[in-house]
Amino acid sequence: GNSDTGGSSGGDDGKITLGFSQVGAESGWRTANTTSIKEAATEAGIDLKFDDAQQKQENQIKAIRNFIQQKVDVIAFSPVVESGWDTVLKEAKDAKIPVILTDRSVDSADKSLYKTFLGSDFVKEGRLAGEWLVQKEQSASGPVNIVELQGTTGSAPANDRKKGFAEAIAANPNLKIVASQSGDFTRAGGKQVMEQFLKANPKIDVLFAHNDDMGLGALEAITAAGKVPGKDITIITVDAVKDGMQALADGKFNFIAECSPLLGPQLMDLVKKVHNGESVPARIETQETTFTQEQAKEALPNRKY
Amino acid sequence: MTTLSLLAARTRSRLPRRHVPVLATLVLLLVLYGVGVSQYRAFSNIQVVFNVFIDNGFLLVVAVGMTFVILTGGIDLSVGSVVAMTAMVSAFLLREGLPAALVLLVALLIGPTLGFLMGCVIHFFDIQPFIVTLAGMFFARGMCTFISGSSIPITDGFWTRMSQQRIGNPSGNFVSISVLIAFAVVAVAAYTLAYTRLGRNVYAIGGNSQSALLMGLPVGRTRIAVYTISGLCAAIGGILLSFYTLSGAPLIGVGMELDVIAAVVIGGTVLTGGSGYVFGTVLGVLVLGVIQTLITFDGSLNSWWTKIVIGGLLFAFILLQRLIGIRYK
Amino acid sequence: MSNRTAAYRALTTHRLFWPVVVLVVMLAANTVYRPGFLSVQMRDGHLYGSLIDILRLSAPLILVALGMTLVIATGGIDLSVGSLCAISGAIACLYISRQPDQNSVGGVLTALALGLGVALVLGAWNGVLVAVIGIQPIIATLILMVAGRGLAQLITEGQILTINSGPYKAIGVGHLLTLPLAIFLALAAALLVAAVTRRTALGLIIESVGGNAQASRLAGIRSGRITFLVYVISAACAAVAGFMMTANVSSADGNAAGLWVELDAILAVVIGGTSLAGGRFSLGGTILGALLIQTLTTTVYAMNISPQTSLLFKAVVVIAVCLIQAPGFRARFTRRRAPATGPAPVSEQPKEQVPA
Amino acid sequence: MTGSQPVLTMTGISKSFPGVRALDGVDFRLFPGEVHALMGENGAGKSTLIKVLTGVYRADHGSVTLGGGEVSFSGPMQATAAGVSTVYQEVNLCTNLSVAENIFIGREPRRLGAVRWAEMRRRARALLARLDLDIDVNAQLGSYSLAVQQMVAIARAIDVEARVLVLDEPTSSLDAGEVAQLFRVMRQLRDDGLAILFVTHFLDQVYEIADRITVLRNGRLVGEYPTSELPQLGLVEKMIGKELRALERLDEQSRHDAAAPAEGAPLLDVRELGRRSAVARFDLTIHEGEVVGLAGLLGSGRTEVARLLFGADRADHGSVRVDGTPTSLRTPVAAIGHGIGFCSENRRAEGIVAELSVRENIILALQAARGWLRPVPRRRQDELVDRYVQALSIRPADPDIPLGNLSGGNQQKVLLARWLITEPRLLILDEPTRGIDIGAKTEIQRLVAQLSDGGMAVLFVSAELEEVLRLSHRIAVMRDREMVAQLTNDQSVDADRIMQTIAAGARHEEVPS
Ligand SMILES: Nc1ncnc2c1ncn2[C@@H]1O[C@H](COP(=O)(O)OP(=O)(O)OP(=O)(O)O)[C@@H](O)[C@H]1O
Ligand SMILES: Nc1ncnc2c1ncn2[C@@H]1O[C@H](COP(=O)(O)OP(=O)(O)OP(=O)(O)O)[C@@H](O)[C@H]1O
Ligand SMILES: [Mg+2]
Ligand SMILES: [Mg+2]
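Protein sequence lines correspond, in order, to chains A, B, C and D.
Residue numbers for the first sequence follow the working numbering, beginning at 19 and rising by one.
Residue numbers for the second sequence follow the working numbering, beginning at 388 and rising by one.
Residue numbers for the third sequence follow the working numbering, beginning at 8 and rising by one.
Residue numbers for the fourth sequence follow the working numbering, beginning at 84 and rising by one.
Note that these hints are calculated values from the structure, not bench results.
Keep in mind it's a predicted model, so treat the numbers as computed, not measured.
Beta carbons are placed, not taken as given, at the ideal position from N, Cα and C, and that holds for glycine.
Check before you lean on any hint, since a few could be wrong.
[Claimed, not checked] Listed next, the stretches of chain D that the computed footprint assigns to chain C, with coverage defined by at least 3 CB atoms under 8 angstroms from CB atoms of chain C:
#1 421–432
#2 457–463
[Unchecked claim] Here are some chain C residues the structure puts well away from chain A; computed CB gaps all over 12 angstroms:
#3 Leu23
#4 Val32
#5 Asn110
#6 Ser111
#7 Pro174
#8 Leu194
#9 Leu198
#10 Leu199
#11 Arg205
#12 Gln221
#13 Ala284
#14 Ala333
[Unchecked claim] Below, a list of computed lysine-lysine pairs in the DSSO-like style, where the Cα atoms sit at most 30 angstroms apart:
#15 A:Lys249 <-> C:Lys176
#16 A:Lys56 <-> A:Lys322
#17 A:Lys74 <-> A:Lys56
#18 A:Lys245 <-> C:Lys176
#19 A:Lys221 <-> A:Lys181
#20 A:Lys291 <-> A:Lys322
#21 A:Lys56 <-> A:Lys260
#22 A:Lys129 <-> A:Lys74
#23 A:Lys221 <-> C:Lys176
#24 A:Lys260 <-> A:Lys74
#25 A:Lys315 <-> C:Lys176
#26 A:Lys260 <-> C:Lys176
#27 A:Lys322 <-> C:Lys176
#28 A:Lys142 <-> A:Lys56
#29 A:Lys181 <-> A:Lys194
#30 A:Lys74 <-> A:Lys181
#31 A:Lys290 <-> A:Lys322
So that you can see chain A by itself, here it is in the shape it has in the complex (with noise of 0.2 angstroms):
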């Protein structure tokens, strides 16, 4: 090995190098995300390797390898699927290079490959949603009917979302989900899929949808059916993006539960304490909250995505 020569690129300024493998650009939230990284490490003056690994684990697990060939300060990720980083993440660890999940975090046994994790609960989105159904329709005397759109099969947030939705509404048994599909978290999966169930089901009471962006797409679907979104069918959905927000403004939604993208700063922060040594806490969730129509309103303005 040739150690000598490599150095931090951004060593002789004394600045931090972040290497950051980002998970790809499949949605406006992940653009977000994106932008909020890379503005926030220019704020905080820290040089950033960005790498967008295009929706493939085999690239996250590269770009981190290069990264540790780059002998970057701080590496962080957010991982693709939970599973499978042990391999790559010892080699960081050999290299002493700490490593930070943002978004999602890893199943590893050993807690020692990665100093933090920062980033939303998948499972919590969904109970939140859930939990506000429930609440809504506590007075429901008959079966309250519910469609699904789920997100792309096998993904992670579609699975955790599921589990937490379903989770929080056993707690009444009226509420009952009468069919689910995966609209792939795309806006004209979400309202192909809708446009299936609408005919299906002659009684829609609620649609649960995993992303803003089928739920949009979802919304077309229901006025062509002739119903009114919000009233004859009441809507949730998780994210929070612009357009979602406007539509839960409208009244066109009924309930988001927040999935922020907005962590740079955050992560930022966590870089530097990282770097410096200090020790900090082993799960960061970032700040979120849930919005009704009313909160929507107020908020809409000074929303940033």
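Here the structure of chain A is known, so what remains is to put chains B, C and D with the ligands in place on it, guided by the hints.
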């Protein structure tokens, strides 16, 4: 550029024409690597090269299998999904507590079996490979999500060892066991293609399957064999991937078949079949790997620029390769 | 009597007989599962029902597949159509979103022209790579498939661009004579392509180039031009499909619009009876193939097949379609009269040996 | 010689293709140690019978016995294993492989399962030497001309340990010398007890080598005759099924004294045209109404000259004048623009579009010249197609079946028709009578004569020297890819003289320059 013309001067006299594409690829690959070294200091670390192999070992194995198929003029779209399914099944069975050896056996059988079935359908019913293997792709991917909607970690000792064993200097430069396995597969494949009847029949069928049939060659058997081989390679690739990621994930390897086909074709194998080498495929995989590495080293591209630049580099590479090919035809 | 059996045989041996059968079976299965599946109602002055949805949603696929048919007939393939859909849709939406009055028809038309224009340029790019430089089609178009997604996202800056334009939206969800406008557009395109290929000699020339490129060259056909042309046509079709996809949801999503549509399109073409090796093509078959694929997708939703198993279901149907369509398969089960002849000795086309 | 038991018997063989009854209850016997000629017009069913024998097609009815036991091969692989070695009509080899491999693939010399390349090349060289062919066995087969490929196919077939050797028109593009060499080998094999089934349209060859003759007509057996008992005339009558009246004595048509219309400005005038490593530079002029023959031995470069003149390959040197105006023939399109047509010798790879119908194949060149925007009107198509289907007696006469389904000879006629309807001013015909039966051959020769009388110029390439002599006003002689002489075809010119010229060319070459 001087390297190019030097090589060219020599090739004109001695090189058989069929080696030109592969050599052009090799030269361009070196140029690409040179660009990396000149741009980024850490790029010259030998470990960077090793990493390209470590990170693309499974891709290489799958591409070798695909080379067989493409040489016969066929195509196998199912490989990405079969890789995922193999990893998924391994992870699942290991979680169920089966012994590693048995799991390995089962996992290695799935790919070839599926390949064999697809080969039979292609041959006996005379259905286009594209569509049969597309159905195979749906099937294998469907099996993945069917087994589990979320990723399954592997904690088995054997797998962990295979995954984390470093060959070479454990704290310096090293390769993984997967790389050795990949090289072994490459060697076996190259030998098979060059020195066995099966290999030569593969070329003959790719040249003209009708002629091959009339020449009394076992066209059906060979055709089924290549899809089985491709399935086997995908299975080995799947195992390597499960070493690599120590898990099975339902969505892993989506679109891998395109990377694999691209690697094979960049390596100089002609899609209509009949001409190409495993060595070219190795180069093709390396080209994709080095492009990827270059982009990570750059670290300033945002998501969409990443795609545009990958496309651009691919284009530049293929254009040069093609132009050199034309000149020395 | 024998007249009728002859007619029956002519029918069952028709190339498109079996795909039609599968389509009918699939619709029937849906109806059994949910008797209301086939019902079509009048709502707000237009027809409403699952069948109508299938028609509307298959329109973009039909368009893409039409272009793909011509490309495949020349022995090529176009992987970039999905990206082209995304790009053209993104450009149109971007232009419209910048307009002060998004509902102005003039603005929308300009947007369409822009989107189409860029797509044509990109199609020409594909055409040059394949026809002039001689790069293998799958790789030549792979370049744009990868980079094109990036371009689309560059245009939308990675966001989903939402627009609110009545005229534009009409392309995707508007109605004409109670039926979705999109299906009329697709049919119009189909008629246009059919006219251009079958009323002129273009179809013959394309088939000839795909059937035997060398022989065609020696017969004086400028195969380069023809090859170039089909990629441009394919891009144009993809552009219109892109407008439909984005208009359907009134928003441009650079990442998701037209994702994997190339595979569906190729599948439609192949189900429709056009060989991937090039040569004879069938536009009618392609349209049928596209309808079949959309019906399959809709069936998954309508029958509420769980997402975990929906791909398995698709695999089974695709294989079933291909099997019963394959003469080789049927021959094996109708041995009595038609003994299996060996593979017909249709002489193979000479191969062009070209790296990458 | 035929006293023993037949090694092969085919009884009551019938085979139908959709719409065509290719074979109808045909019987056929083959004895060890004989050369048996299978004769018949184009489309009579010869190739189909052979393909039924080797299992390429499965017969609808009938049985095949080989060496006493009934067999039913499911494919050529089994047939080969059972000792039936075949050269099919169209050269069926893999042009992407080397010559040596094409000969040995499927039975490569091996050690421990590994192919022994060196040994294979050595044996290939030896085998080709037996056929008097000296080529690089390591080179790609595709880099050689069709005739060489045909020789390689023969080499492959005769090397097999076989009981039955089937040769379907193996001599169609060979010249006299090669044919003689082939016959030497065939006799040797026959004397070793091999049974040889031989198909050809050259009657002379039949009488030179065959011991017995079986004649097919329209898929039916006409009869089996010892060669000695069936005179040429009778054979032809049996083949075409009517009195030999239509076929005039061909020799009388000879051009010997026909005043060559060589006055005036030449239609085509090329100077110093050449292409590196293909043909040496040559001069050539062709006048309106003139037939110029191109003579030479196998691989002498005739095809290369033809291709250069048509722009199928690009010349790297020389100048071209058409009607006195300088121009270049860089692409086929350019050549066609000047009224030049070219019918390739390699009909399968460069001629037919198998999937397209006979009609579409016929109008292809005309359509290409008109451009895609102006389709040939359907009525005109019918007219043209009907005329030439009649004139060349293309069978079956249904213009809507795929050309790939026609017999080899009929495909060749379709290609001729393709060019004839474009009414070219100069038609380059490379082996146009390859695989064509004598009836049609006479027809084509007459057509060429007639067209040249009408003012069309023809460049005529054929391996059959007689044919060249008969038709040409002038003959250009090729040797080792060099044009060594141009002779006016007068009384003094005959086959011997041309052979001498070729030989002299050899001496000429030995002179150090
Ligand atoms: N694959 C096929 N499909 C349909 N018809 C065919 C096929 N092969 C041959 N035929 C038809 O069968 C008949 C006999 O053809 P065959 O090739 O045996 O003739 P041949 O005697 O070899 O003629 P030639 O001298 O021209 O080679 C012809 O009418 C031909 O059109
Ligand atoms: N010794 C040889 N004998 C025969 N052919 C050769 C020999 N050496 C080279 N060739 C090949 O034969 C070809 C000769 O050119 P061409 O095809 O024009 O010959 P031709 O006179 O038309 O002969 P043919 O009767 O084979 O068609 C070249 O492509 C060359 O590669
Ligand atoms: Mg024949
Ligand atoms: Mg020749």
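Okay, the hints, checked on the actual structure:
1. 421–432: n = 4 at 8 angstroms, threshold three: holds.
2. 457–463: holds (count 3)
3. Leu23: It holds; Leu23 of chain C is separated from chain A by about 26 angstroms at its closest Cβ, greater than 12 angstroms.
4. Val32: holds, 19 angstroms
5. Asn110: holds, 17 angstroms
6. Ser111: holds, 22 angstroms
7. Pro174: Pro174 of chain C clear of chain A: closest Cβ-Cβ about 16 angstroms, beyond 12 angstroms.
8. Leu194: holds, 21 angstroms
9. Leu198: holds, 26 angstroms
10. Leu199: holds, 25 angstroms
11. Arg205: For Arg205 of chain C, whose nearest Cβ neighbour in chain A is about 33 angstroms away, the distance exceeds 12 angstroms, so it holds.
12. Gln221: holds, 40 angstroms
13. Ala284: Label holds. Min Cβ-Cβ 32 angstroms, cutoff 12 angstroms.
14. Ala333: holds, 30 angstroms
15. A:Lys249 <-> C:Lys176: holds, 24 angstroms
16. A:Lys56 <-> A:Lys322: Holds, because 15 angstroms separates the two Cα atoms, which is no more than 30 angstroms.
17. A:Lys74 <-> A:Lys56: Distance of about 21 angstroms is within 30 angstroms: holds.
18. A:Lys245 <-> C:Lys176: holds, 19 angstroms
19. A:Lys221 <-> A:Lys181: holds, 24 angstroms
20. A:Lys291 <-> A:Lys322: At roughly 27 angstroms apart (the allowed maximum being 30 angstroms), Lys322 of chain A and Lys291 of chain A satisfy the hint.
21. A:Lys56 <-> A:Lys260: holds, 20 angstroms
22. A:Lys129 <-> A:Lys74: Status holds; Cα separation ~23 angstroms.
23. A:Lys221 <-> C:Lys176: holds, 28 angstroms
24. A:Lys260 <-> A:Lys74: holds, 27 angstroms
25. A:Lys315 <-> C:Lys176: holds, 27 angstroms
26. A:Lys260 <-> C:Lys176: Status holds; Cα separation ~21 angstroms.
27. A:Lys322 <-> C:Lys176: Holds, because 27 angstroms separates the two Cα atoms, which is no more than 30 angstroms.
28. A:Lys142 <-> A:Lys56: holds, 27 angstroms
29. A:Lys181 <-> A:Lys194: Measuring from Cα to Cα gives roughly 14 angstroms; hence the hint holds.
30. A:Lys74 <-> A:Lys181: holds, 24 angstroms
31. A:Lys290 <-> A:Lys322: holds, 25 angstroms
When each numbered hint is compared with the structure, no violation occurs for any of them.
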